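A.B. asks: Just so you know, the sequence shown maps onto residues 1 to 143 in full-length UniProt numbering.
No lab work stands behind these hints: they were computed from the structure. Bear in mind the structure is a predicted one, so any value in this text is a computation, not a measurement. A virtual CB, placed ideally from N, CA and C, is assigned to each residue, including glycine. Incorrect hints may appear among the rest.
Stated by the list, open to error - Beta-carbon label-pair distances, calculated as ranges: (1) Glu53 x Asn126: 28 to 36 Å; (2) Thr25 x Val67: 17 to 25 Å; (3) Asn114 x Leu32: 30 to 38 Å; (4) Gly102 x Arg127: 19 to 27 Å.
Said to hold, decoys possible - In the SDA-like style, the derived pairs of lysine to any residue whose C-alpha atoms are separated by at most 20 Å in a straight line are: (5) Lys37 x Ala125; (6) Lys37 x Ile117; (7) Lys111 x Leu12; (8) Lys111 x Thr25; (9) Lys111 x Arg18; (10) Lys113 x Leu12; (11) Lys37 x Val67; (12) Lys113 x Gly131; (13) Lys111 x Ala35; (14) Lys111 x Arg27.
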Amino acid sequence: MHVVGGSMVKELLIERARACIGVSTYRRSATLAEAPKVFNCFRFTQWLWSSVEIQLPDHQLLYSRAVPVPFGDIDTADLVFVPRLEYSVAEDDFGHVGIATGMSTIIHATKWKNGVIEEPLSEFANRGCLGVRRIPEQYYCRP
């Protein structure tokens, strides 16, 4: 798949994310091979990006290698990281992650609703934002 425009990729990511709402279930130890039937928050974002031929690194590397974005500049397909409810820096570098829709909502896999949900970004980030990261368009805009 060769994609010319970044906006096409972002729209496709959100379309695929929404297709998982109410269909996919949550399991903390989910693997990428189980997608799209079973997810955890990171495998959900990893699967979305792999659907457009972008292989995201493991969560610790992703957080450090993707481009930091100010919270006020969140755009479609940005990854928003918040603390898990039982968050521990020693156990988990980033907590919980979801993908921004660009319409003031976020889609993420959550154990509390046993699956993929879309909710207002303000509610998602209410726990405290650990950071926003963007996958650079150079990775998915190819001639």
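A.B. asks: Can you tell me whether the CB distance of glycine 102 to arginine 127 sits inside 19 to 27 Å?
C.D. replies: holds, 21 Å
A.B. asks: Between glutamate 53 and asparagine 126, does the C-beta distance stay in 28 to 36 Å?
C.D. replies: holds, 34 Å
A.B. asks: Would the pair lysine 113 and glycine 131 pass a check requiring their Cα atoms to be no farther apart than 20 Å?
C.D. replies: Answer violated: lysine 113 to glycine 131 is near 23 Å, above 20 Å.
A.B. asks: If you check the beta carbons of threonine 25 and valine 67, does the distance land in 17 to 25 Å?
C.D. replies: violated, 31 Å
A.B. asks: Tell me if the straight-line CA distance from lysine 111 to arginine 18 falls inside 20 Å.
C.D. replies: The given pair, whose Cα atoms are some 17 Å apart, holds under the 20 Å limit.
A.B. asks: Mind checking the alpha carbons of lysine 113 and leucine 12 for me, to see if they're no more than 20 Å apart?
C.D. replies: violated, 24 Å
A.B. asks: Should the hint that asparagine 114 and leucine 32 are 30 to 38 Å apart at their CB atoms be regarded as holding?
C.D. replies: violated, 19 Å
A.B. asks: Is the hinted pair lysine 111 and leucine 12 satisfied, with a Cα-Cα distance of at most 20 Å?
C.D. replies: violated, 25 Å
A.B. asks: For the pair supplied as a hint, lysine 111 and arginine 27, is the alpha-carbon distance within the 20 Å limit?
C.D. replies: holds, 7 Å
A.B. asks: Given the hinted pair lysine 37 and alanine 125, is their Cα-Cα distance within 20 Å?
C.D. replies: Given pair lysine 37, alanine 125 is violated - Cα atoms ~26 Å apart, limit 20 Å.
A.B. asks: Could you grab the alpha-carbon distance between lysine 37 and isoleucine 117 and see if it respects the 20 Å cut-off?
C.D. replies: holds, 14 Å
A.B. asks: Sort out whether valine 67 lies within 20 Å of lysine 37, counting only the CA atoms.
C.D. replies: With a Cα-Cα distance of about 29 Å, the restraint between lysine 37 and valine 67 is violated, given a limit of 20 Å.
Violated hints, in rising order: 2, 3, 5, 7, 10, 11, 12; the structure is consistent with all others.
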